[in-house]
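Peer 1: Sequence:
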Amino acid sequence: MASTITDITPDQPAFDQLADLFDEYRVHYGETTDPGGTAQWLREQLTAGPLRAAVALPDLGFVTTVVLPASLRLATFWQVRDLYVRPDRRRGGTARALLNHVVDQARAAGAIRVSLQTEPDNVPARALYTSAGFRPVEGLIGLSLTLSATAQRV
Numbered sequence: 001m002a003s004t005i006t007d008i009t010p011d012q013p014a015f016d017q018l019a020d021l022f023d024e025y026r027v028h029y030g031e032t033t034d035p036g037g038t039a040q041w042l043r044e045q046l047t048a049g050p051l052r053a054a055v056a057l058p059d060l061g062f063v064t065t066v067v068l069p070a071s072l073r074l075a076t077f078w079q080v081r082d083l084y085v086r087p088d089r090r091r092g093g094t095a096r097a098l099l100n101h102v103v104d105q106a107r108a109a110g111a112i113r114v115s116l117q118t119e120p121d122n123v124p125a126r127a128l129y130t131s132a133g134f135r136p137v138e139g140l141i142g143l144s145l146t147l148s149a150t151a152q153r154v
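One point on numbering: in the UniProt record's numbering, the residue at position 138 of the sequence shown is 138, and numbering is uninterrupted.
For the record, the hints were derived by calculation from the structure and aren't laboratory data.
Please read all numbers here as calculations on a predicted model, not as lab measurements.
The beta-carbon is built from N, C-alpha and C at its ideal position, and this holds for glycine as well.
Every clue listed holds true.
Derived Cβ-Cβ restraints for the label pairs, each shown as a range:
{"no.": "1", "residue 1": "Ala2", "residue 2": "Gly139", "range": "36 to 46 Å"}
{"no.": "2", "residue 1": "Gln17", "residue 2": "Ile141", "range": "33 to 43 Å"}
{"no.": "3", "residue 1": "Thr146", "residue 2": "Thr4", "range": "33 to 43 Å"}
{"no.": "4", "residue 1": "Glu44", "residue 2": "Thr146", "range": "16 to 26 Å"}
{"no.": "5", "residue 1": "Gln40", "residue 2": "Ala75", "range": "30 to 40 Å"}
{"no.": "6", "residue 1": "Gly30", "residue 2": "Val66", "range": "18 to 28 Å"}
{"no.": "7", "residue 1": "Gly37", "residue 2": "Ala125", "range": "18 to 28 Å"}
{"no.": "8", "residue 1": "Leu143", "residue 2": "Gly92", "range": "35 to 45 Å"}
{"no.": "9", "residue 1": "Arg107", "residue 2": "Arg81", "range": "10 to 20 Å"}
{"no.": "10", "residue 1": "Gly93", "residue 2": "Leu145", "range": "32 to 42 Å"}
{"no.": "11", "residue 1": "Arg96", "residue 2": "Ser148", "range": "29 to 39 Å"}
{"no.": "12", "residue 1": "Gln12", "residue 2": "Thr130", "range": "27 to 37 Å"}
{"no.": "13", "residue 1": "Val27", "residue 2": "Arg73", "range": "36 to 46 Å"}
Could you put the whole structure together from the sequences, leaning on the hints where they help?
Peer 2: Listed below in structure tokens is the structure:
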């Protein structure tokens with residue numbers, strides 16, 4: 001049975017499934033489970049923030065994206081922030097279907113590109129992304145400044 005991919009807002013019944021799955025995703029990457037905090041954060045981000053989400057049911061996967069300005073081109077681009085399918089449901093095409101869903105939506109909205117990032121050792125994800133046409137960005141270096149109570153001022 002193929003998954004049905006649905007865009008999710010906090011007022012939809014499937015939001016609770018998304019929140020549970022998102023908490024599971026956080027735990028998968030080493031965070032402590034926090035179902036209430038996860039649901040609250042998602043609700044805030046989907047309501048007032050730039051985050052968008054789609055869920056694949058019944059295969060239990062999701063994707064989140066943000067739409068960002070492409071200022072030099074006076075356009076927008078979409079960035080995939082999170083893509084997750086439950087481990088026991090992988091290798092069935094759900095991740096590819098979620099990725100295609102984002103690309104189709106971005107294209108329909110007139111975005112100039114879809115971007116994403118992943119860890120260098122996430123071989124399965126990199127294989128999926130390259131097979132879908134994503135390529136490394138040459139000539140750019142990603143930089144990040146971690147903000148915390150002990151972070152130095154710039």
